[in-house]
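Colleague: Chains as they are written, first to last, in my numbering: chain X, 1 to 170; chain D, 171 to 364; chain E, 365 to 781.
Simulated from the structure, these hints should not be mistaken for lab results.
Treat the hints with care, as some may be off.
Derived BS3-like pairs (lysine-lysine); straight-line CA-CA distance at most 25 Å [to be verified]:
(1) E:LYS630 <-> D:LYS279
(2) D:LYS347 <-> E:LYS668
(3) D:LYS303 <-> E:LYS758
(4) E:LYS732 <-> D:LYS342
(5) D:LYS347 <-> D:LYS232
(6) E:LYS426 <-> E:LYS732
(7) D:LYS286 <-> X:LYS83
(8) D:LYS303 <-> E:LYS426
(9) E:LYS560 <-> E:LYS668
(10) D:LYS208 <-> D:LYS232
(11) E:LYS761 <-> D:LYS303
(12) E:LYS560 <-> D:LYS286
(13) D:LYS286 <-> D:LYS303
(14) D:LYS232 <-> E:LYS560
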Amino acid sequence: MSKDGSATYLTTRLDDFVNWGRKNSMWPLPFGTSCCGIEMMATLASDYDMARFGAEAMRFSPRQSDLLIVAGIINTKMAPVLKTIYDQMSEPKWVMSFGACASSGGIFNVYSVTQGIDTVIPVDVYVPGCPPSPEGVIHALMRLQDSVQKGETYSQRREQNLKSAQLKLK
Amino acid sequence: MDIKFDMDIRQPIPSNGGSWLAQWGEGWKSQVARLQEKFGASIEEVRMPPDYPTDVPIIYVKKEAIAQVLEFAKNEAGFEYNFLSDITATDEEMEPRFEVVYNLFSHSKFWRIRFKVRVSEGAEVPTATGVWKGANWAEREVFDMFGVKFSGHPDLRRILMDARWVGHPLRKDYPLKGYQIFPSAEPIDPSFLR
Amino acid sequence: MPNDSKREIGSLSSNIEHGVMEHDTDDLWGDSRVLMNIGPTHPSMHGALRMVAQLNGETIEKSYCEFGYTHRAKEKLGENRTYHQFVVYTDRLNYCSALINNVAYAMAVEKLMGVELPPRAIWIRMMCAEIARIMDHLVCVGINAVDLGAFSFFLYGFHQREEGYSLIEELCGARLTTSYTRIGGLMHDAPEGWEKRCKAWVVKTRKVIDEMDELLTGNKIWCQRTIGVGVFSRQQCLDYSFSGPVARAAGIDLDLRRDQPCMFYKNVEFDVPIARNGDVFDRYMVRMEEIRQSLNIVSQCADKIQPGPIWAEDKRVRIPDKDVVHNTMEGMIHHFKFFMHGFDVPEGEAYTQFEAANGELGFYIVSKGSPRAHRMRIRGPSVWHFQGLDPMVKGSKIADAVAALGSINIIAGELDR
């Protein structure tokens, strides 16, 4: 729409338009296991308010959400559960690895801790910190939105690769 | 500048433990005397605070008698250790290998005491779940982490680690980075329902 | 699927023929019992817990709880890290009130070594512990309310919590995982005017607590969802070793701050609130009252605190000053030895307890005279509380189990360690 309110046209690629819609309406699945879950709650609560970025609709069911926020430790007992949850999410899906424990095991290099969730599922954005401050989470969310717009996330690249493979087959 | 490198680290425990000793030292002595009178040879050894560096008396009990001793300490007037603070174990790396530790606390007198049971690998300790129902999970954790078994325990299985885990992580010979990976989550089992 | 019912379909149909329903109305069919798995990633499970329940209609008949989904081997790490390095691991126990864990751990090692602290350090530690307790209670009651549908209550609490975080950030730069205490001292002295800002925060928080009280305490829905729900009697609390606010809600008049005083708790005045029924509502009320008492303690501490040193005069534990380290050879060597080798703790053992936000937090440390502990046992109150959940929710509806779980404030970091 132009400034005086009359109808005008905006031309764009369909992919970009879809991605624009995706990036501004992420529905996160909060997978909070430990300390980072508290900071994630602080991000959602009154002072930081993740709703400003279109990501306030928390869905606890994996089938309704497209952003998996893994906040906290994933140990070897939990890793198969995480894999199941990720498999249940519908495409396209994104994963945010929230905090040092999820990203690399952090200070817990011990027998029970998975050394980074990227050994289990693909990760799109890592947030450093133990736990990260809410500002860090919001920054990561914005970075994720950028890469969703560009189509650079794992899920979107996979989709593209599948499409081009199908084209080649034809 | 005055920096000493060869410091004398062998100091007794003053501060908090010291004040407890002044407060309850006599009471502890009479309690130990009564325990020895009642249970005789079942009390293996007693370590009292000023002589041994500990905050409260440590009473070593033969493993057959531990449930009775705990029951006695819980209900007998003059003891009244009605609160089970903690059950844990230590790996001493010698024979007998493990020491199961019972930390007790009294809600009425506010004193504390510690019972220990020496147990070698593979031997069983009588359970304390008959005295405190809450001992259930603490004993399961000792079993999970050290492999000490408790006879008469209603539900002795792993608690923190996966059911398929091999070994007992808090033993001194278990490596810190001894990872074990499982492909699937632990299934639910209706037979555990209580 | 287990089928406990002895009733056969024939008898049921004969009942209907006579127009009389003699059986339990919830149990319409003999095999209506369902095995339900809640967690480990259920939103109402605080952290990663799992509860498997056998339901008859909506009533829980049998259940068992499982945990260990965030097990991080902190006890094993305690045997493999020096005493100084272990401070950071204590933050991750009860992460809602990390400062309390720091203080309790530092006290435990100091007790083992016989280190006496200067008064200012103790006052600051007391203030830290009380601020952390307030925050923990705010989280607990807030999230308990969210579980039962009262979202705005949570927002009120969390705003005040953010304000409290800025106080903690002033102390140590971190929000949640503080690592503020050192053995024999503190990381930094409190910045100038910190006590005054604490007092201002206390005044503000009192108002907010009153507001929150008004918002929820008399609320009819809240009362109906909580009164008489998740009852745990006094005797059961003793059997299952409950401590802290949950035990006090059932009438156990015990507060380790008052009854086994450490630090300067003898020198401040506070009341220990207790309730009688031991249900979710009583736990909520005890926590709200404890917040007020802790606010009192914080303001009393802020009045009594005096400038002075924050480190114990003990060369064994004191971290060398930076100007000495950077300017003298001996200081450099001392620094290197201190951090690479650690300091030796004399042989002995001690169980140190502290009234944490959830209950009795204990550190049982066995030392064999080396810089690493022989055994580092952490007694987290959450384990014992979570154990009581099964008998607590037996026979109640599944929605009440959520309320009961929220009210005993299970923190996964402390539960799994």
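Colleague: Can you give the numbers of the hints that this structure goes against, from lowest to highest?
Modeller: Per hint list: 2, 5, 6, 7, 12 and 14 violated.
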